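J.: Residue numbers (this note's numbering), protein chains in the order written: chain A, 1 to 336; chain B, 1 to 336; chain C, 1 to 336; chain D, 1 to 336.
Check the hints yourself; a few may be wrong.
A pair holds if it fits inside one copy or across any two, identical chains being indistinguishable in the list.
[What the hints assert, rightly or not] Only pairs whose alpha carbons sit at most 27 Å apart, straight line, appear in this in silico DSSO-like list of lysine-lysine:
no. : residue 1 : residue 2
1   : K334      : K12
2   : K74       : K334
3   : K202      : K176
4   : K74       : K176
5   : K305      : K44
6   : K76       : K305
7   : K20       : K305
8   : K76       : K118
9   : K118      : K89
10  : K202      : K305
11  : K148      : K202
12  : K176      : K14
13  : K14       : K89
14  : K305      : K89
15  : K14       : K148
Calculated from the structure, these hints are not laboratory results.
As the structure is a computational prediction, the values presented were derived from the model and not from experiment.
There are 4 protein chains.
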Amino acid sequence: MIIQLQPGIAPKQKESIQQKVNSLGYKTTNVITQEGEYLIGIGKSDIDIRELGGLDGVSDIHRVSDGYKLVSRKWKVRPTSINLGDGVKICEGDFAIMSGPCSIESEEQIVSVLQHLKDNGVQIMRGGVYKPRSSPYAFRGLGVEGLKIWYQHAQEFGIKIITEVMQSSQIEDLCKYADILQVGARNSQNFNLLDALGEVDKPVMLKRGISGSLDELLQCAEYVFSGGNEKLLLCERGIRSYETAYRNTFDLNAIPILKEKTHLPVIADPSHGIGLRAYVEPMALAAVMAGADGVIYESHAVPEKAFSDGQQTLNFAESDELIRKIRATVALRKSF
Amino acid sequence: MIIQLQPGIAPKQKESIQQKVNSLGYKTTNVITQEGEYLIGIGKSDIDIRELGGLDGVSDIHRVSDGYKLVSRKWKVRPTSINLGDGVKICEGDFAIMSGPCSIESEEQIVSVLQHLKDNGVQIMRGGVYKPRSSPYAFRGLGVEGLKIWYQHAQEFGIKIITEVMQSSQIEDLCKYADILQVGARNSQNFNLLDALGEVDKPVMLKRGISGSLDELLQCAEYVFSGGNEKLLLCERGIRSYETAYRNTFDLNAIPILKEKTHLPVIADPSHGIGLRAYVEPMALAAVMAGADGVIYESHAVPEKAFSDGQQTLNFAESDELIRKIRATVALRKSF
Amino acid sequence: MIIQLQPGIAPKQKESIQQKVNSLGYKTTNVITQEGEYLIGIGKSDIDIRELGGLDGVSDIHRVSDGYKLVSRKWKVRPTSINLGDGVKICEGDFAIMSGPCSIESEEQIVSVLQHLKDNGVQIMRGGVYKPRSSPYAFRGLGVEGLKIWYQHAQEFGIKIITEVMQSSQIEDLCKYADILQVGARNSQNFNLLDALGEVDKPVMLKRGISGSLDELLQCAEYVFSGGNEKLLLCERGIRSYETAYRNTFDLNAIPILKEKTHLPVIADPSHGIGLRAYVEPMALAAVMAGADGVIYESHAVPEKAFSDGQQTLNFAESDELIRKIRATVALRKSF
Amino acid sequence: MIIQLQPGIAPKQKESIQQKVNSLGYKTTNVITQEGEYLIGIGKSDIDIRELGGLDGVSDIHRVSDGYKLVSRKWKVRPTSINLGDGVKICEGDFAIMSGPCSIESEEQIVSVLQHLKDNGVQIMRGGVYKPRSSPYAFRGLGVEGLKIWYQHAQEFGIKIITEVMQSSQIEDLCKYADILQVGARNSQNFNLLDALGEVDKPVMLKRGISGSLDELLQCAEYVFSGGNEKLLLCERGIRSYETAYRNTFDLNAIPILKEKTHLPVIADPSHGIGLRAYVEPMALAAVMAGADGVIYESHAVPEKAFSDGQQTLNFAESDELIRKIRATVALRKSF
């Protein structure tokens, strides 16, 4: 149960509502976000919610029986729009394209990608400066120094930055230079990191875990939201299955189902999803038709020389082509 | 290794080629299909295939190292076209739509679907008269009697029939009245049934097994092909995963990968794929962009009253809408 | 709902019971097995079953809400014992060992295995004469001719035969020479084959499907049972997962859970289960402690030369050792 | 390639070895643990390792082609023994039992479990003070305050403590009061946490990820080891599969395979593994026969009242029984 409180509610009034709800057999959590204030009631009592709806200080009230509450579309029907400033938005109806290399490697590489994106009117660049790697002996990213250089050039090009955060201690630095913080599949259920991101005033994109259920993904989003940060995006990036013909099983079923369950934007990552360059294009276009609100994919001037993930990265010619086809497909979808 | 023999090759000549190939360390299987004659060589010797290419009676020769041979695109680059007669074809470039109920239930139901398809210019109707059911106590289909009635009406409407075959003893009857025999997911590796279908002069559509790998699906197709029947279609219909938010995990990754591996047409079944009516449309359109050669989905005048699978079946209004959108999406894909 | 009818019930009486049950909102199926006669009621009505229990001709009545009925332990608490004659039994409390090659290859091979089993007091030999193979070009077994030779020698050694049946047309021959017919993982949901096996007076062992759920396995058993044949065994043989360190994921969780759900004996197949010779022993012993009623594993004089599955087959020295340890482990389990 | 350096090697000598190895086409990482010093060479050159073996300062050299190196049994054949002090050890040959509640709840609860363990001669108690929970609204543990109380009583009883660490900032406190730090399944690939644990002088137990491959688990161990901490244990706790009859698919296949791949002790967690109280006993005993070096399971005076995981927790009578049977089974295994 979500009890939406009136803005500027008096502490005493809030306490009295809380006591009332507790007396009905619900445990309550008080959630204060950058946008509003809520009481979350957890319990199984079969009460008439109108009884609570009439209380002073209550703005609205919703029954949500799922494990997640505030990220549910049962409560908030209007889709969440993520505003990155300078007119860049990610929201239902529009379609966001994010592209760039797996890892940030050098100033030259950064500039080449920025130019490629600008030429195509793409407003958000992806890239990793902290890289989660299976082996401790592999390249782990350029860190904050790489990010600073990237930031400088991205500013010049007027392009926004999305990059991965791996632990709480990186948040402060990342917030200075990045526009969206991404939580990777392996940290999908790193609850302390999610808690810390709840306190941040930056958009956060959560990737589905390697074998994450949709319900778990939504509960992870609930962590960040109930921690105070409503600026959330979800990302389908492939799940683990028995099939070895591709790196991951890009699960497009997740797209329409998440769109129905939550008001948050849903992004598709075909690069990690299928993990094979030749098939990134069809899977990206399929994601558009499945209803995604955006796509994030890997591009690089010379994928064969990329420090990581080259096998699933498009070169600029392929990327040009893909962007053109995505836009035509989005236009068709909108026409329906 | 595939050795394509010249039409009308003399038995002696064939024997001499076979001896030569055996002497190089290969086991050979002689395959005679309705279209041609081949020697399949299985082995690991590192030979110069040109040595064999020059032999009398050899028309062409190809190295194919996969478990499947004759269904591989490495050998036959030109896509296979399935001709159902009366101008109805399934092939790459075109896009086939097949629709109809899960189970054939009654004459009235048959006619209502045929009319719906005809109104939309759809040329192939699906429906089951033999139904594989998890429980022995569930409805198992009307059998050949239902098929005869269906056939009669389908003839009138000029619409082709695709229906499931569950065991060899049904083949004779089905061949009389159906245009495509479908092998269901549960019989995907019923090798005796595949052998029997190799001897038939009817197109066969093989569904991927419930946890079938793409390699296994192609080897199942190899069974039918090497048994003599080249008229094959493959169908992606969802695999089993840990996720419970949908019935199956419709695996669109399979589409572009199968298209590259084989010359056979690849069909998508979003109804079984995701198993939830509300999401059949986005998944069907996604399948088009992923590169499918056709789609098969369930429709019924009143899905809520269907004998089986109602929860994943479209009503006619939804089906009208889907057909219109499929055609627009196919048109866009062709324009790329 | 299972209504157990009195032996020799008059047709009229049965009809009257059936009408009564139907009138309460249940669909009924009349099941006549080699052991008894039942009415299976499918429906959701909330009736007082005592009302039916008092009817003339009703011997007993049980509510079973699962998809499977007659194979449920909720109905029949006493474990099913499979009697192979000559004092050979498979049942709870005892522990059955079955061993032998993947494929029957030659008279010499047959005799060597029979001797090995006899030396160890093992009473049941496994071996395939019809082999389901992924590739149509692989060895498919010696067929009924191989079985006849096997039968002759097995008779001499006083050892029982378990072998796989792949299609209905093989049943007649197999019944002459085999003591248990095995349905393989790939035919697990071949419902026509299951129907046909319901009419046979021979024990049948059903292997779990490659991604078969326990519920599906039990419903497959229900097919055979409701077809008339109560002599059933179930077999866990590994499921498909994402892990590639072993051939299949031998799922020992299935053992205690099946033991609770059904009265049928539960057999473990560690050879297919883990698929790697070095680990067959620990997995077999683990299966004993998990509560299996028997084990089936592959053995061969020279596994390296076996026609199939050599990588998961024990040689006789390893098999001697395993049998000794199994018996010690069974003895410990019984002592608890 | 692992180059084991001589104790007290001079920096100059080390540098010269490193240069030599680099010149052969290998990238090197210098690893200094609490036990020794190593150069890890990553590359594909085909060199004669004896050439390096003769260099001054090199103690030994091993070729290990897997992704993990220092945790491989190919290098270190002797099993790693974890010494917790006061005569408590975890190592191959012995068998460690660890038990206790899912969550630490109260002083009374702590003492009841300690008494139960002491009565049974169990030397290690498990319990969570930081709890990873799917929902942000669930109980998250008593934190370090709970741990302090636990520590005080555990000292009195002479019992060691294993508890979960969720983020780097908790390590300092946990090291004061706990004897083994456990990394949970959800943090299995939290590489920053693994890095931080490499710098700690405390044993660390790594649980397999929810869909973690054995190779990934070993590479996670490599993170901690190459960070400096050789005191590692691995734990199988069930993987995610399609089957819904149990909470997780306890994967006993992992036990013998990990035992062959690594020199680290391998622990089995049947409570999380199968997730259902009634089956913890058979799965624990199966784990013994599969070759585990220890078992960790959940126990509580009144499982029905446990704050978390009650459905998979044994009461003390069940736990008494299980310990007795584990010991008898271990004795049998040793006798083989």
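J.: Each hint needs a verdict: does it hold in this structure or not?
T.: Each hint, compared with the structure:
1. In the homo-oligomer, the alpha carbons of K334 and K12 never lie at most 27 Å apart, since the shortest distance is 49 Å inside one protomer and 65 Å across protomers.
2. Proximity of K74 to K334 under the C-alpha cut-off of 27 Å is restricted to the intra-copy arrangement: shortest distance 24 Å within a copy versus 39 Å between copies.
3. For the homomeric pair K202 and K176, the shortest alpha-carbon distance inside one copy (10 Å) is at most 27 Å, but the shortest distance between copies (36 Å) is not.
4. Proximity of K74 to K176 under the C-alpha cut-off of 27 Å is found in neither arrangement, the shortest distances being 34 Å within a copy and 46 Å between copies.
5. In this assembly of identical chains, the alpha carbons of K305 and K44 lie at most 27 Å apart only when taken from different copies (18 Å versus 57 Å within one copy).
6. Proximity of K76 and K305 under a CA criterion of 27 Å is satisfied in neither setting, with 45 Å inside one chain copy and 33 Å between copies.
7. In the homo-oligomer, the alpha carbons of K20 and K305 lie at most 27 Å apart only across protomers (26 Å), although the nearest pairing inside one protomer, at 63 Å, exceeds that limit.
8. For the identical chains of this complex, K76 and K118 are neighbours neither inside a copy (35 Å) nor across copies (42 Å), given an alpha-carbon limit of 27 Å.
9. Proximity of K118 to K89 under the C-alpha cut-off of 27 Å is restricted to the intra-copy arrangement: shortest distance 16 Å within a copy versus 45 Å between copies.
10. Taking the closest pair of Cα atoms, K202 and K305 never come within 27 Å of each other, the shortest separation being 32 Å inside a single copy and 41 Å across copies.
11. Taking the shortest Cα distances, K148 and K202 sit within 27 Å of each other inside one copy (17 Å), while across copies they are farther apart (37 Å).
12. With identical chains, the CA atoms of K176 and K14 are never at most 27 Å apart, being 35 Å at best within one copy and 41 Å at best between copies.
13. Proximity of K14 and K89 under a CA criterion of 27 Å is satisfied in neither setting, with 34 Å inside one chain copy and 54 Å between copies.
14. In this assembly of identical chains, K305 and K89 lie within 27 Å of each other by CA distance neither inside one copy nor across copies; the values are 32 Å within and 45 Å between.
15. For a Cα distance limit of 27 Å, the shortest separation of K14 from K148 qualifies neither inside one copy, at 44 Å, nor across copies, at 35 Å.
Hints 1, 4, 6, 8, 10, 12, 13, 14, 15 from the list above are not met by this structure, while the remaining hints are.
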